[in-house]
Structures are given as structure tokens and as C-alpha cells.
Amino acid sequence: MTFNKVLIANRGEIAVRVIRACRELGLKTVAVYSDADRRALHVRYATEAYHIGPSPSNESYLQMEKIIAVAKKSGAEAVHPGYGFLAERAEFAQLCADEGITFIGPSPEAIRKMGDKGMARKIMMDAGVPVVPGTPGDRKLNDDELINAAIKIGLPVLVKATAGGGGKGMRTVRDQAELPGAIESARREALAAFGDDNVYLEKLVEGARHIEIQVLADSEGNVIHLGERECSIQRRHQKLLEESPSPFINDDEEFRQKMGAIGVLAAKSVDYVNAGTIECLVDKDKNFYFLEMNTRLQVEHPVTELVTGIDLVVEQLRIARGRTLGYTQSDVKMNGWAIECRVNAEDPYNNFMPSTGTLNKHAVPTGPGVRVDTGIDTGASITPYYDPMMSKVITWGENRAQAILRMRRALDEYKVLGVLTNIPFHQNLLSQHRFMAGNFDTKFVEERFSMEAAEEGKELYPEMAAILATLAEHRQTERAAHIIRRGKRDTSNWKWVGRYERMHR
Amino acid sequence: MTFNKVLIANRGEIAVRVIRACRELGLKTVAVYSDADRRALHVRYATEAYHIGPSPSNESYLQMEKIIAVAKKSGAEAVHPGYGFLAERAEFAQLCADEGITFIGPSPEAIRKMGDKGMARKIMMDAGVPVVPGTPGDRKLNDDELINAAIKIGLPVLVKATAGGGGKGMRTVRDQAELPGAIESARREALAAFGDDNVYLEKLVEGARHIEIQVLADSEGNVIHLGERECSIQRRHQKLLEESPSPFINDDEEFRQKMGAIGVLAAKSVDYVNAGTIECLVDKDKNFYFLEMNTRLQVEHPVTELVTGIDLVVEQLRIARGRTLGYTQSDVKMNGWAIECRVNAEDPYNNFMPSTGTLNKHAVPTGPGVRVDTGIDTGASITPYYDPMMSKVITWGENRAQAILRMRRALDEYKVLGVLTNIPFHQNLLSQHRFMAGNFDTKFVEERFSMEAAEEGKELYPEMAAILATLAEHRQTERAAHIIRRGKRDTSNWKWVGRYERMHR
Amino acid sequence: MMNQKYITTIGEQQYTVELLKDNKVSVDGVIYDVDYEAMTGQQLVSLLVDGKSFDCHIYQDDENWHVLMRGALYTAQVEDEREKRLKAAAGQASDEGGAFTLKAPMPGLVVAVPVNIGDEIEKGSVLVVLESMKMQNELKSPRAGKITAIEVKAGDSVEQKQLMLTLE
Amino acid sequence: MMNQKYITTIGEQQYTVELLKDNKVSVDGVIYDVDYEAMTGQQLVSLLVDGKSFDCHIYQDDENWHVLMRGALYTAQVEDEREKRLKAAAGQASDEGGAFTLKAPMPGLVVAVPVNIGDEIEKGSVLVVLESMKMQNELKSPRAGKITAIEVKAGDSVEQKQLMLTLE
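Residue numbers (our numbering), protein chains in the order written: chain A, 1 to 505; chain B, 1001 to 1505; chain C, 2001 to 2168; chain D, 3001 to 3168.
The hints are simulated quantities; they were obtained by calculation from the structure and are not laboratory data.
None of the values given here were measured: they were computed from a predicted structure.
Beta carbons are placed, not taken as given, at the ideal position from N, Cα and C, and that holds for glycine.
Any given hint could be a false lead.
[What the hints assert, rightly or not] List time: in silico DSS-like cross-link candidates among lysine-lysine, alpha-carbon distance up to 30 Å: (1) C:K2134 - A:K361; (2) A:K333 - B:K1258; (3) B:K1361 - D:K3146; (4) A:K361 - B:K1028.
[What the hints assert, rightly or not] Stretches of chain B that chain A covers, calculated by requiring three or more beta carbons in the stretch to come under 8 Å of a beta carbon on chain A: (5) 1011 to 1020; (6) 1298 to 1311; (7) 1350 to 1364; (8) 1367 to 1376; (9) 1398 to 1412.
Excised from the complex, chain A in its bound form:
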């Protein structure tokens, strides 16, 4: 299981993240890239880089055979899948195994078990892990059975696709009369999205938080947890901001260890190896329920790294090389507080519409307590081919208040030109009283937050904005006029250039 060269079957910030960890262990790295990514940082930072196809991911990053071919050609003995793309495809893990390549992740069997939401529910229930009340999920129920089950569970319920993910094939039902229609439409959507119309039911946990447990498991059967992450700040089932610890758990160490122990139990029940995450719903009475297990590194892993001091990717690589975990449970101490904001190329003032273009500036914040993970650089293009996440800004503080304050100043410093970003969304969120008080659930962003309302409460400077816009317009007009007049002596009152520009012209 030893290896010295790792192929990273991914792109963007996570590919760069893995390359950095490999470098620190003295491992060589192999990047793969599509047409759109020739200039990306993962290509430039890797020891080797190979082109694998056109920009659309199903012609490049999802091409298992091409990626395996690059691994063989370059002599890479291991593959790190990152997250997304092939990370949770059991057949890819299997293909690697068949080709004698170490897959840096769990067994195909564990991926398969956890990938089927119904099966996963069944395994967890059998192992004694609490799951949201609902149908067992390990066998297909017809519509009548589902309706009867819903009455037994009690409304409201969620209808969910067993093959599901990302909110597809999911329906909330509050009224019994809506049930048949919801089941039918969920089945239709699930069939279209996943090629499988099987659905199951879960009781809707109201006012719930999304809290997840990070686990690490080595091939010797040692399993530890690294505490929790709070991920309730979501929009359309996409996480936007995560933190560790959860403000809801805070210093309730007993509850943390209880959740952690369940996370360890869940991992052991599928003989899990490598880094994984148990996602839970936690209600206001601190009842918690298994939701699903992500059998890979999470986008939000850095918040755990900053509070524990443990490099999760380094541990993944260590585990994949067959070594014993570098830590025991008692080594894991949570120190301070960390927050991550996902910076997406989308317009928060226009319904979070994705924004594409070329970055003529990408100046990331720096300084004390600030970490940025990104795969792009000034000059990069944000294309419509991939998800809109440009970077992650992660701040650490001695406590939650300091982490929030550092995040606010980091976001103020972050300058992106060429596309619109959701930075203003985060800035507004971070100054909301409810957020600061840690008082939110998974519906907070969609139901209780609006950009307009958030900005009303701020100290505003409309006169300054008026001055700026007017000068910008004036300068633009003057520039246009200046070009026309070029060659003639400049007699206009061309005075609205800054002192520095005059000096350096």
C-alpha cells in the first residue's frame, strides 16, 4: 500500500489542497485537467499534469478510464478523488483496486452501502445509530405502503429518493391530501436524475440544525472523531458557511462526546477506513438523527483542521499508506473557533445567479488567523462548466466572536474583479444579530434572511456612493472625449485624475 506518486482526480481548490498535503509528505503529484483548466493552479503546482479532455466534466473529470490511463502512464500508485466528481462512485474505487492503484478513501463496499440512502438507514438502525423516524428504506415500498407509513410516522414528512443527493427527488408534505401527488412527482424527478424512482419517507424534523461529525479510521480498525461542524447555513441544500465547534453545542462536552461516539459507531458499522463525515439533524432538545454519511473529504474540512491542528489530508494519505492513525481520541483537543465562508461566483443581489468571466483581479485576504483555499489566480476564467465555488475563506479565533470579526475584515479585504461574488451575502449574514447569537436552523437563510433587510440595518454612505458613481461616469465621459481630441492640445479641465496618476503619467 505504499506509494510515492499520487494522482489527484479533481480540479479547483480541493486539487490544490491535496497537492499541498502531498508535497509536505514528499510525495510526487499528478494533476489532470480539461481544456478550461490549463492555466489553473492545480496544473501549475503539481509535479506532472496531463490533459484529459474537453471542458464538460462528463468528458474529462468523470472519465474513469482516462484517469486510470494517466495514472498508469505517469506511474502514480495512488489516486485521491477529492470531493464531488468520482469521489463517491463505488465503481471508480473498485476500478482502482482492480488496477492495483490505491484509492485514497474507503472500500468500494463502504461507498456503496452509504451511497444508497435506504440501505444506509437500515445499517445504522441495526447498529443502534439513531435515525430520523421513517420507512426502513431497505426495500421498495409502493405508493399505498408509503401513504400508510406516513400516517403512522405522523406528518409533516419528507419524501426522499434513495439514490438522492443535492435536494433532488425531495418533497416536504404537511397535508395528507398532498401525499400521493408528492410521492408521484418525487419519483418522477428521482427517475430523471438518478435513473431510479425508489423513494422513502422521513419525519420532518422542524427547526433542526445540520451538524456533522468528522471521523478518521485506519486500516487497523482504529476510529476517532474530531468533533463537530455546524453546517446549518444553507441555501437550496447548498452549504454556504460552516463552523467548528457548533454554537449550539459550544462547551457541552458531554453532548459532543455522545455525538462523536455515535459517529465512530456509524463508521465501524461499515468497516470504514479513511476520513468520513456523519451528517446529523439535531433538534432543539438535542435529539440527533443520522442523515447520511459522506464517504470522502468534505468541502468544510478546514474548520476542523484549524480547531484541532490536525491536517486531515495528511491523515488521509497516512491511512491510505497503511499506517496507524497519528492520533488517539485523547490527543484530539478543540482549541478556539473556526468559520468558513464559501466564496461563489454568483450575484447575491440577483437571486444568486451564477456569474462567469475572467478575473482581472483576485486578491485574497491575508494576515493573522486567515486561511484561504483556492485553485485560481488573477487571470483565471470562471466558466459555466463547473460549480461556482472560487475559494474558501477560513478564519480562526480564540473564540467565536474573534473568528467572526476576523472573517468580516477578511471579506472586506477580499477583492475580485471580473465576476460577481457572494461576498456581500456573507458580509450581511455576519452582521445579523441572530447569526451572531448562534440562533439559526437550516431554514434561516431561505426564510429569515434577505439582502435588502440586512443592508437596511447598516451604517450607509449613499452620498459617498453618489460621489463615486458621478466621478466614475465623469471620468468615463472625459476619457471618451479625450480619445476623440487626441493630438490636439488638451485644454479641457481634465483634472479628475488622482494625484498619483498625475505624478506617474
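Position chains B, C and D relative to chain A; hints supplied.
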């Protein structure tokens, strides 16, 4: 002593560093700037910014009266001096006091006592702090007295200016016959540099390391130390790389506490308040000697911040507001290892010649364990008016090896176009066996290191460099030809452009 | 010589902004000392107004300037005072009139077109659902009106700025 | 059509570099697959050679290309093969001959000029000590020779590229 608005009487990375800390405490900030700095980050990140004069620092950043006038005009109730410029001018601290402005630093009296090297030696000796054997330094000795003293101390000795700093007015004497000439030339240089020809003698400690102790002292008399920093990697008395802990002390906790206690004693002996540093020489037998006290924040303070988790500038502000220290000695725990590289605009392949110009790229490294402190941005100019430090890269690791590996990858990622930098120096240093073994003293860089020798040991790629240079030359020739031919149909074999450029032309 | 007086509208508020000598600007008669320093490609501006420092991002679309400043967005319309007066004299011409054409804001896949030709729709109605960057985006109507043409259907791939739908 | 064959010298080593079709390059007969991607202002280049990735900084002075690659500096002279042959035919012209003029590499203050007109100096001798960026910088002679003119003295302020001294 309470204040809500702080003027930062400095520029560059340290001005930005202080502004960031103020923001985190909800304090408003006032920047001052010279002509050359209109576009600098400290101007852009501050709440307010005022122009104080032309680019040369004696017409701007050293103009005490102008700075006080800005403080009054803007309503700033406190001044942070950063390091350099006015930070160790007792008369500036006094001027602030006279004007009712809080000086964020020690009393004028403490600055004065520690600023006179001879006086400081005397005070330390009286307090029981070990100093390098030599002349007392609190009275002027004539040449004959110095020669007699030198014989008593034993050669080799250092002749040093009492008003000295930065290696000026300093001579090493190994041979008695050289003594009169050395005293004379040291006096001449000291007179020219400081307007004072007084000199004193210190025994030369051979093979010594430069190790310093960080202290924090509040106005109630609480004084704590935050462990040591190793600063032996120097060139011409300029520090280039610092770390905490010192590899020489490493896990000798007893020695650390012994040095720390002496640091606390030194601070108490001048009723020190705020952050300060006791610089020591440490010989191979772990004898240590007080060298001088810096009565301000140090450039290298971040390495202490990363291993202790304590924000030194936040503590400075807290102390200046009259609060009790946020930590007791037993709260201070050193966790992991931190290294700082100072990135200077200078050519390490050409005798570290300063390099000036406009940065058409300044892309800083990011990711796990990497912090960058800087005051500039792409588009900034490096001018000859100020010192050549562009930024500091600081890495943290669980141990020294990880910190070094992270620093190597951070420096590989750091891209600066427009000026030359000393990044290649750091890259070469970090791969030297002696450095990695922690086996160096203050003479290491000057006497045992050369760029050429360091690169000989590396894995080199001259064929790749030949390909790159040839293609660059070819493209340049083709571009020139292309411009001449413009308008005609392009029939040349203009093929040496990348795939991406062809796609996007 | 250009006119130095502008009427700048932000939200409901109109400001009379006059550019004076010596880097001074008057806003509704209040005079400010202004230092405008364009950084990167005119979009990043360091603005100092009476010593207050604003690190701003400013960008433009067809009609408006958008200013991001201290974490809030301001949308401004700047009009030359003379223009404005002329326009006023000619009467409120056609702010409401004319067709609205919905163009694809980015390349993508049309997932749904939940309207039909002839539909009378409200401001905010969803016109097209476009999938791009792995997300479904609802393109909404900026005003009420009647659908007069639909150029795309579910399953179509569209290029950026491709015409999708017309509203009158 | 341009000549596609170059002689490139790094240190003591000469390489014959030939640019072939289809992004292939031959170095002393060994053929490589090369993808050259200029990033910012031609100075930052992502070079892929047979899949190996090199993130390089390349810059130029009067005679040489300087390549920073994986933490080491390579200084290369690139000559068109035809030029090179012509030069060789004409005999080693004048590498040593001609005057060397020392120009100020940056603005600064002359601290000392430790040589005099008529001095015969060694390669590496200090010609001028220039203070800039708060540091004293020793400007050394690139070769042996005789000082024929000195244009500055201690205490002078000099502009960048100002002539300071001539050596023959």
C-alpha cells in the same frame, strides 16, 4: 486611557497588521501616508487616511509634528508607532503624552533607558541580568581606558557605539595592535551616524546564537513572557528568517523558563509596560547574555503568535487601554512550530542588491498553515525610499519539519513579477542540511552559505530551462516580426503559442 | 468644456453632484474634499472623502453604476444635468414602454420555460429556468407584461446573451 | 520564415534546441513534447514537458534570459544558429574589449567611491558604495580593468541609470 480611534504612525505590512487588530476590537483607524504610498493597503484598509508629505521618510513618516496634527484633526486618541520610524524615539512618546494622546508602547523613560546601550547594560547588571562581559557603559571612557579594559576582558572584543544600532559604529578586534585604530574608526562612524562618538567594549561571544524573549507587561505591573524566538539567520545584522521555538532550546523547558524569567526581570527593572523584546546572545554552553531590549513590536512577532495563539497587537491595544493582561504565565503554552521568512525586494544572485519597480503580479501563497503579512498588492511600486521588505511569509506546523516543508511549498507558490526578490535565497537556505539540523549561529549566512553552493546540491533541470529560454526568445522574435507584418496575412509558422492562447485569441 | 453638474439617483434619493476645482465636490451644496484613485482597470477605486477612506468596487451595466462599499451595494444612475433637463422638458418618454428581451446571462441548459406566448405575467414571474454551474437558476421578469415570443424550449443549450424570450 | 534552430548556453553547457512541428522540441537530439503557456505579461510561464509541470518565472536583461524554476536560477543565452555561425566565422570579436560603464542600478546616495582615475583594478573590486532602501550596497566590477572616468563623489544623489564611472 480609553480610546476608540487609533492613528498608525507607520506604513507597509506593520501598518496593515495594526489596522487589522484594531478592526477586530471595533476601533477606528487613521492611516498617514506619503506621496509614494497613496495606493498602499494601509491607506485603503484604514477608516481614515491623511497625506503627510513627500516620499522620503524624513519629510513624512518621521515628521512628529505633522503626525500629531493629524491625530488631533481626526480625533485619534491613541497612536501606534509600529516598528522603525518613530517607534523608539522617546521624544515622540513624550510628545504624545504632552498632547494627551495615548502612545501604544512603554513610557518615554523606559524607551530612553533602553535606547542608550551603555545605560541599558548598567541597569541590567544592577538588576542581576547577565550581560556580555565588557566595560560598564554608563560613563565615557577615553581610548587608554578602553585599551586597558580590553586587555582585562580578553580579546577578541567588540567595539560598539553606545548610541548604536544596525551594526554602525561596530568593530571586531582580534589582535591588540588593531585596537587603537578600531576604536578611532568606530568613534568616527558613530559620530557621523548618531552625532555621538562614545563607544564601549563587549567580549566577542564566538559561535553565538541570537535568541530573544517576548514579554508583555500591563500597567498594573503584571509581566509575562511568551517564550523565545530564534533569530540567528542574519546578513549584515539584518534578520532574514526567524522561528519559534528556537531549535537550540527545543524542548529544554527548564532553560526556556530560565531565559523567560530573566526577560521578565529585565522588563521589570525599567517599569516596562506594553510588548517588548529582550535580545540575547546564547553560546554553545547555554550561557546567555542580555544584548539589548527593543521597546516595541518586532517584525518577527508573528512566529510567537502562531505558537502561542496570542494576538500580540490585540494585547498591546488592551494594555494601552489600561486593562489587565488577558493571560497569566501559566496560560501561555507553546504549541507546534512557526517560521517566518522576510521577503525583500533584492537580488540574492547579485549581492542582495535592492530591486525597485512596479509589481505587475503579487500573488501570495495561501492554504493550510500559511500566513502572509504584507502592505502591498499587485500594481504597487517598490520605491527606493523605504526598506526593501515586501512581506513576511509565516508558516505553522505541528513540528519544525512540517513548518519547514510548508514554508518551502509556500515560497514555491509565491509569485512576484516586476522586481527581484530574495525568495530564492530562502528556498536555498531551507534545503541546507545545517539549517534543517538547526545547526547554525549568527555568522552562518555570511560565512557558510552561498547561493551557488546551495544550488549545486539541488536536482537541476538545465534542459528544461534551455527549452523555456529558447521558446521565450523565439516568441519574442516572432512577436516583433508579427507586428512588422501586421495587416498582411500571417503565413509564418506562428505555432508556438499555447493551446489556451489559440483558443482564446 | 464639459458640464460639471450631475443628477445622481440612488434608490428614491436624488443628489445634485457638482465637480468643483481643487478636487472638491459638492453634494446638494455640501462641499467635500475628494481624492479618487483608480486602482485596477478602473473597477477598484480608493476614495478618500474628507479623510474618510473607502475601498470600493464599482461596475456598470447598461443603465446603472453599482458601487460595493463597506459591505453594501448602491445602485446609482448618473445623468448630466442638461440631459436631465432636456429629458424632463420632452416629458417622461418611455420608461415603461418598449419590449423587454430576456437574454441568457450565461451559457447553460434550458430546464424549463414555465410561460406560454400570450401569457400576461406579473413582475417577478419565473420566465426560464436555466441550468449552469451545476445549479438551476430561475430567471424572473423585471416587470409585468405579456409574453410575445419564446425562442427556446426545455433541453436547449444556449450561449451567453442568446435571446430566449420577449415581453411587451 | 524564421530559423527554428537555436544554440542555447547555460553556464558551460551548450544545447542545440530545435523547434519542431506539433509542439515538439529537440534538445541535442532528444525530442520532448512541450506545452508553453504564458500567464501574466509573458514573465510567468506554465511549462509542461512530457507531462512534467514547471511553474516558471522568466525575465530578461541586455544579453541573457534568467529562468527561475523549482527554486534555482538558470541564466541562458539564446542564439539563432545562423547568427552564431556568422559570429564564429568573423572570429571572437570583442567580448573583452570596449569600455564598461557603471550606471546606478537604482536612485540613491553615493556613500563612497573607493577608487581613483587611473587605478588598475581586479574583477570584484568595489567601485561605488550606494545607499538605497536604507542599506549600503557595494557595486563591484564585473571584470579587471583601468578606471578612466569617475562622474560622482561621496554625498551625491544619483538617479537610476545615471552614469557613475567608466572602466576600460
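How the hints compare with the structure:
1. C:K2134 - A:K361: holds (24 Å)
2. A:K333 - B:K1258: holds (29 Å)
3. B:K1361 - D:K3146: violated (41 Å)
4. A:K361 - B:K1028: Distance of about 27 Å is within 30 Å: holds.
5. 1011 to 1020: holds (count 3)
6. 1298 to 1311: With 4 residues closer than 8 Å to chain A, the stretch 1298 to 1311 of chain B meets the three-residue bar; holds.
7. 1350 to 1364: holds (count 3)
8. 1367 to 1376: holds (count 8)
9. 1398 to 1412: Result for this restraint: holds, n = 7.
Hint check: a violation occurs at hint 3 only; the rest are consistent with the structure.
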